[in-house]
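The primary structure of each chain is shown beneath.
There are 2 protein chains.
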Amino acid sequence: MTQLTTCLSPQLLPLHQIQDKIVVVVDILRATSSMVTAFAYNVESVTPVPTLADCRLFKNEGFVTAGERGGQKVEGFDLGNSPFDFMNHELQGRHLAFTTTNGSQAIVLASEAKQVLIGSFLNLSATAGYLMAQKSPVLILCAGWKGNFNIEDTLYAGALAQKLETTFEISDDASLAAITLYNGVAGHMKEFLGKSSHAKRLAGFKNQKDLEFCLKRDQFGFNVVLQNTRLLKLDPST
Amino acid sequence: MTQLTTCLSPQLLPLHQIQDKIVVVVDILRATSSMVTAFAYNVESVTPVPTLADCRLFKNEGFVTAGERGGQKVEGFDLGNSPFDFMNHELQGRHLAFTTTNGSQAIVLASEAKQVLIGSFLNLSATAGYLMAQKSPVLILCAGWKGNFNIEDTLYAGALAQKLETTFEISDDASLAAITLYNGVAGHMKEFLGKSSHAKRLAGFKNQKDLEFCLKRDQFGFNVVLQNTRLLKLDPST
Numbered sequence: 035m036t037q038l039t040t041c042l043s044p045q046l047l048p049l050h051q052i053q054d055k056i057v058v059v060v061d062i063l064r065a066t067s068s069m070v071t072a073f074a075y076n077v078e079s080v081t082p083v084p085t086l087a088d089c090r091l092f093k094n095e096g097f098v099t100a101g102e103r104g105g106q107k108v109e110g111f112d113l114g115n116s117p118f119d120f121m122n123h124e125l126q127g128r129h130l131a132f133t134t135t136n137g138s139q140a141i142v143l144a145s146e147a148k149q150v151l152i153g154s155f156l157n158l159s160a161t162a163g164y165l166m167a168q169k170s171p172v173l174i175l176c177a178g179w180k181g182n183f184n185i186e187d188t189l190y191a192g193a194l195a196q197k198l199e200t201t202f203e204i205s206d207d208a209s210l211a212a213i214t215l216y217n218g219v220a221g222h223m224k225e226f227l228g229k230s231s232h233a234k235r236l237a238g239f240k241n242q243k244d245l246e247f248c249l250k251r252d253q254f255g256f257n258v259v260l261q262n263t264r265l266l267k268l269d270p271s272t
Numbered sequence: 035m036t037q038l039t040t041c042l043s044p045q046l047l048p049l050h051q052i053q054d055k056i057v058v059v060v061d062i063l064r065a066t067s068s069m070v071t072a073f074a075y076n077v078e079s080v081t082p083v084p085t086l087a088d089c090r091l092f093k094n095e096g097f098v099t100a101g102e103r104g105g106q107k108v109e110g111f112d113l114g115n116s117p118f119d120f121m122n123h124e125l126q127g128r129h130l131a132f133t134t135t136n137g138s139q140a141i142v143l144a145s146e147a148k149q150v151l152i153g154s155f156l157n158l159s160a161t162a163g164y165l166m167a168q169k170s171p172v173l174i175l176c177a178g179w180k181g182n183f184n185i186e187d188t189l190y191a192g193a194l195a196q197k198l199e200t201t202f203e204i205s206d207d208a209s210l211a212a213i214t215l216y217n218g219v220a221g222h223m224k225e226f227l228g229k230s231s232h233a234k235r236l237a238g239f240k241n242q243k244d245l246e247f248c249l250k251r252d253q254f255g256f257n258v259v260l261q262n263t264r265l266l267k268l269d270p271s272t
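Note that the protein sequences, when read in sequence, are chains A and B. If you count the first sequence from 1, you need to add 34 to reach the working numbering. If you count the second sequence from 1, you need to add 34 to reach the working numbering.
Bound-form chain A, shown alone:
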């Protein structure tokens, strides 16, 4: 059976071989949830960019700029990092440059993998279905918070791993812990996350709308994949 493993923080990524794997990068609050939402509103591409300076260069090329630092919108950028910022039909066909504290950087770190997918609860089943069909080994990479472990990305890892338990061999401790954690709190994720450090940070400057939306499962039926330096909606026929 093909293996599925979980990496709980980008700081632990050097302990994993990723060249032959599909890596699913997840930053539930909020980068990857927002990226998937942007594709639901038919953006043409999203380029993850590590630095603010690079992101500003893309603006000069006609890109829409989006992102945050420390959870706050960046001055001079077109959009922030809330999924609601991307629910805008004017984004159809546009190219986005997106920089965030954790998610964008994790995507760049993962880029030497065989393939990179974007993970979110919003398209959880679509991602599980795609991975089942590929039969490649999988690594779920939690973006975490400034290199450290976080709960919401770990819960997503548990949710995805649990869906793939019968198709993949899952025996690493991180996946087992994530599945157990998810199974324990799946029915009350929002309340559970209310105690977490990131939800507290988020509560400091945003209402609960973002958190509620980012935890919704299976709103969208497509996948998002990295091609060279850009994220694109995956053509279901491929």
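Honestly, I wouldn't trust all of these hints.
Identical copies carry no separate label here, and so any pair may be met within one copy or between two of them.
[Unchecked claim] Here are the simulated DMTMM-like pairs of lysine to aspartate or glutamate, each with C-alpha atoms no more than 20 Å apart in a straight line:
no., residue 1, residue 2
1, K267, E124
2, K229, E203
3, K243, E225
4, K243, D119
5, K169, E203
6, K148, E203
7, K229, E199
8, K93, D119
9, K197, D88
10, K229, D112
11, K224, D112
12, K229, E95
13, K250, E225
Keep in mind that the hints were calculated from the coordinates and are not lab data. Quick caveat, the model's predicted, so the values are computed rather than measured.
Since the structure of chain A is provided, determine the placement of chain B on it from the hints.
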């Protein structure tokens, strides 16, 4: 309220400030469980040593040498890393030099903390009681496996944090995840750990005796503390 946080792997330790904290280092399978057991059999001191070569130098000084690499006893060493190796009254008053893949190295990494304690299920309540009395901030450092996350150390972190929930402020995601995980499996830890990668490694060359013993709670009522480069039994009057 004073803070308690958890670090799930030595690789993540650089993300934490430890100078003003009591750090509890835990390597349940088997280094810290064995160290605590050695003090129950009245060894005088245990010196954690990072390398095999250093450990051999201590042998020339009259130390008893103990440890493992890759879970196996080291050729030429007096003892391995099983707690049963230390249940020997001939060890009374002896000085041990101890080197292991994960635990000894985590202790050395933690040595710039305000104080370093050794954690194990075997003296869980004694450690909780000591920490409650100190009122210093606490970091639980999981030794993990070759830098990566492991379940048994995380379960210990959850068990200790849960005992301290009403005394300390606990709001980091790692502690919350550890407490939730521990509460979910506390009644069947051995069966749950049977699925984990480390228990599988252990099963490859040892029977289940070590695992069962290392999960026993509150067999001993003392604490073990690092003083300069040596671990000593903590005098309860201090």
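| Checked against the structure, which of the hints given earlier come out wrong? | Result: hints 9, 10, 11 and 12 break, sorted rising.
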